[in-house]
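**Q** The task is simple: from the sequences and hints, build the whole structure.
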Amino acid sequence: MYQIITPKTQADFTKYYYFRWQQLKQASGFAMGSEKDEYDSLAEHRMICNDKGEPLAVGRIHFVSHDEAQIRHIAVADNCRGKGLGSLIMTTLENAARQQNILRIITFSKVDAINFFEHCGYKALNNPIIELADSSGIQRKQMCKKLSEYDVILRHPELCKELQQTWNKQIPIAQLMGIKIHQYTGVEFEVRAALNANINLHGTMFAGSIYSMATLAGWGMVHLQLKETNTYGEIVLAKGEIKYFKPITSVPRALVSINSVDGDFSGLAKGKPARLGVKVELFSDTELVGEFEGKYAILPMVEKSEKKLSEHESEPVEA
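If you count the sequence shown from 1, you need to add 102 to reach my numbering.
Keep in mind the hints are simulated off the structure, nothing from the lab.
There could be a bad hint or two in this list.
[Unchecked claim] Have a look at the derived ranges for each label pair, beta carbon to beta carbon:
# : residue 1 : residue 2 : range
1 : E264      : D387      : 27 to 33 Å
2 : T388      : T108      : 18 to 24 Å
3 : Q285      : T108      : 21 to 27 Å
4 : R183      : L144      : 24 to 30 Å
5 : L390      : F308      : 14 to 20 Å
[To be verified] Straight line, CA to CA, 27 Å or less: simulated DSSO-like cross-link-like pairs of lysine-lysine:
# : residue 1 : residue 2
6 : K212      : K117
7 : K110      : K154
8 : K348      : K329
Just so you know, even glycine gets a beta-carbon here, dropped at the ideal spot from N, CA and C.
**A** Have a look at this one:
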């Protein structure tokens with residue numbers, strides 16, 4: 103079991119810096135204290151520990167300007183490499199950057215670590231390989247990552263971005279309600295709304311807004327499954343039923359699990375509508391406060407199919 107810690111106490115920082123020295127400096131013969139630099143007091147630090155409180159990975163980010171930050175001193179315990187802790191510490195630091203509205207992050211990667219940073223979404227800049235003053239001759243390459251609100255989405259962020267744009271353009275109320283895609287893992291799809299844009303006279307979320315959020319969450323999961331299977335169809339809500347257990351007073355969340363989707367798209371291949379049942383769980387932050395069950399009809403895109411067939415069968419015509 104892992105826990106992500108922001109070092110705050112003297113004891114936290116003692117463990118943090120000692121681990122950083124062990125992993126990054128000790129093997130090269132540097133003394134304790136060499137692992138620190140002048141930016142540490144201005145930076146944000148993160149540490150991943152096991153259930154005994156022992157450090158397994160550390161990293162640091164400091165803010166170079168109002169829109170740029172630099173990540174340095176990424177270190178993972180030898181016996182934990184290849185387990186995703188390096189990527190996790192990077193994601194944690196990047197989230198800290200997003201909270202400060204940072205637009206891009208730079209790092210100076212060791213040449214043999216370039217692949218790791220590329221895996222994390224960084225691109226090598228067309229700058230020459232350099233040697234930093236404190237690197238004891240280690241060659242490094244400057245790399246950069248431009249941040250996007252969709253970077254945190256684990257599966258198909260490009261499809262989620264496309265879906266969000268579709269909602270904003272074709273369903274104006276979605277943008278007014280502040281409904282946004284929060285996460286898609288392939289197993290779960292989560293949508294959130296802005297509470298302050300949907301508050302009734304009781305200080306809770308409008309029932310109609312909750313219904314709209316739930317409907318779009320179910321619709322979105324069906325849409326993403328169509329994209330995942332390279333299937334085409336027009337999605338229509340045929341029936342929707344909602345149960346309100348408690349009011350929403352905090353972060354409005356709608357969560358759909360792939361296991362709660364009943365049905366398939368097999369009818370579309372035969373030119374017939376497909377029907378899917380989708381269950382959506384509704385939360386006020388972490389508390390379950392309602393459930394929505396939607397029946398979605400997916401209609402074959404007849405015109406698109408006929409157009410493709412016509413283009414395939416007809417002879418080319420010269421103008």
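**Q** Each hint should be assessed against the structure and marked as holding or not.
**A** Here is how each hint holds up against the structure:
The supplied range of 27 to 33 Å is met by E264 and D387, whose beta-carbon atoms lie about 28 Å from each other. In this structure the supplied range 18 to 24 Å holds for T388 paired with T108, their Cβ-Cβ distance being about 21 Å. Between Q285 and T108 the CB atoms are about 22 Å apart, so this pair conforms to the stated range of 21 to 27 Å. Roughly 29 Å separates the CB atoms of R183 and L144, a value that falls within the hinted 24 to 30 Å.
A beta carbon spacing of about 19 Å between L390 and F308 agrees with the range 14 to 20 Å that was offered as a hint. Proposed proximity of K212 and K117 is supported: the alpha carbons are some 24 Å apart, at most 27 Å. Of the pairs offered as hints, the one joining K110 and K154 holds, with about 18 Å between alpha carbons and a cut-off of 27 Å not exceeded. Our distance criterion of 27 Å between C-alpha atoms is broken by K348 and K329, whose separation comes to about 34 Å.
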